[in-house]
Amino acid sequence: MNFRMISTQFAGEQIVSEEVSGSFQPDTGIEMQAVNLYPQKIYQVFEGFGGALTEAAGYTFSHMSKEKQQDVLEAYFGAHGNRYRYARLHLDSCDFSLGHYAACEDPEDVQLRTFSLQRDEKYILPLLRAAEQTAGQHLSLVLSPWSPPAFMKTNGERNHGGELKPEYRERWAEYVCRYLTEYRQKGFQVSMLTVQNEPNATQIWDSCRYTPAQEKEWIRDYLYPAMQKHQLQDVGIYIWDHNKERAYERACAILDDDTASMVEGIAFHWYTGDHFDALRLIREDFPDKKLVFTEGCVEYSRFQAENQLANAQMYAHDILGNINAGMNIWIDWNILLDGRGGPNHVGNFCDAPILYDIQTQLLTKNLSYTYIGHFSRYIQPGARRIGVTSYTDHLEVTALQNPDQSLTAVFLNRTQREIPAVIRLQGEYARILVAPQSIATVILEN
Numbered sequence: 001m002n003f004r005m006i007s008t009q010f011a012g013e014q015i016v017s018e019e020v021s022g023s024f025q026p027d028t029g030i031e032m033q034a035v036n037l038y039p040q041k042i043y044q045v046f047e048g049f050g051g052a053l054t055e056a057a058g059y060t061f062s063h064m065s066k067e068k069q070q071d072v073l074e075a076y077f078g079a080h081g082n083r084y085r086y087a088r089l090h091l092d093s094c095d096f097s098l099g100h101y102a103a104c105e106d107p108e109d110v111q112l113r114t115f116s117l118q119r120d121e122k123y124i125l126p127l128l129r130a131a132e133q134t135a136g137q138h139l140s141l142v143l144s145p146w147s148p149p150a151f152m153k154t155n156g157e158r159n160h161g162g163e164l165k166p167e168y169r170e171r172w173a174e175y176v177c178r179y180l181t182e183y184r185q186k187g188f189q190v191s192m193l194t195v196q197n198e199p200n201a202t203q204i205w206d207s208c209r210y211t212p213a214q215e216k217e218w219i220r221d222y223l224y225p226a227m228q229k230h231q232l233q234d235v236g237i238y239i240w241d242h243n244k245e246r247a248y249e250r251a252c253a254i255l256d257d258d259t260a261s262m263v264e265g266i267a268f269h270w271y272t273g274d275h276f277d278a279l280r281l282i283r284e285d286f287p288d289k290k291l292v293f294t295e296g297c298v299e300y301s302r303f304q305a306e307n308q309l310a311n312a313q314m315y316a317h318d319i320l321g322n323i324n325a326g327m328n329i330w331i332d333w334n335i336l337l338d339g340r341g342g343p344n345h346v347g348n349f350c351d352a353p354i355l356y357d358i359q360t361q362l363l364t365k366n367l368s369y370t371y372i373g374h375f376s377r378y379i380q381p382g383a384r385r386i387g388v389t390s391y392t393d394h395l396e397v398t399a400l401q402n403p404d405q406s407l408t409a410v411f412l413n414r415t416q417r418e419i420p421a422v423i424r425l426q427g428e429y430a431r432i433l434v435a436p437q438s439i440a441t442v443i444l445e446n
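Take 1 as the starting number for the sequence shown in the working numbering and just add one per residue.
The hints are simulated quantities; they were obtained by calculation from the structure and are not laboratory data.
Check each hint, because a few of them may be wrong.
DSS-like cross-link-like pairs, simulated, lysine-lysine; straight-line CA separation at most 27 Å [said to hold, decoys possible]:
| no. | residue 1 | residue 2 |
| --- | --- | --- |
| 1 | K122 | K365 |
| 2 | K165 | K229 |
| 3 | K41 | K290 |
| 4 | K66 | K122 |
Being a predicted model, the structure only gives us computed values, none of them experimental.
All chains, please: the whole structure from these sequences, using the hints.
Here it is, written out as structure tokens:
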């Protein structure tokens, strides 16, 4: 067995990357500093990585030169980049839009005759088409609504929460199905739909609240029947699409004998902390449901853009914990934003792995982009998580077996000291050193 170790260390404000190779030796009784890999102990299938193609990302992309556009596309979707194969799109406007909009805003238009995706065609779909061309294949799309049209809501506006009026439940289901159908007619592969982005939050931007009972009823009595009617049963419905701390309760409240067959999985975000055990609880009680991370970003209201290392480590720690807890798909928030962390029509600026300052024309790939790549470049779609034990919690680790039978193990060291590890695998071992404040990916091949 041979291995390659690709590592990235952030030392003295400098990013140091290196690759080393080595071979395994017969295990003569290693006990100390062991990290054990057990390919015979298999868990969930990991299907891939992706990011959100928001209007803000598309707008920023439209201001770039062709050369810089291609740089970004290759960085995310190219064979030598982060190899994204999933994309999340907002259904109508979200906070990372240039302003409010809806595909149909006429309360009298019961038949949705004025429905139009003209707004999507301006910035979002050009970016999506370019991404697919670079990837050389269709991206698997997730569509998520932030709010129904204002006239359908109890508060009469897209912002500040509110709820879907009971009399509009059927029309809103038809509206969502129309979105899915038109995207498919344009040649895109929509494979997932989340019911509502952050249904437990009243935001100053586009938002709408659903209690568990309301979400369950709308899926069961309106959305799922409408999707059957329009032959959209192959689009997976995902509940919750909010933070992990209440994900288990939401799953328990919605999934029963009536609804379990209608729901493909649970979508979740990271903004309230780790809560990896919430995912484990869902995996235990609902083993047939997929767990999809649909959003996470470094919010400038809470974190500092300048703290590259902490922000990158936040990404890696969460990806590691989620994979080890049973996650199937990981999708980042905005793949690209401008120099302010926008545009955002309510000033909710955030960081992104890649930023482009429209005024100075400076393109910046943050350390978070590199850290994400330590997973997405080497964990192949269809990989299976395998059993791992480690001698220390100072070294975070996950491991997966790829379809080509190679093994990928990712090590995260957030400490100030070098940490040694002895990788033990099927009667052999290899010694590695994981540098302080670094991430390392080890690929093991026969």
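Structure-based check of all given hints:
1. K122 - K365: Holds, because 25 Å separates the two Cα atoms, which is no more than 27 Å.
2. K165 - K229: Judged against 27 Å, a Cα distance of about 22 Å means the pair holds.
3. K41 - K290: holds, 19 Å
4. K66 - K122: Answer holds: K66 to K122 is near 17 Å, not above 27 Å.
Violated hints are absent here; each numbered hint is respected by the structure.
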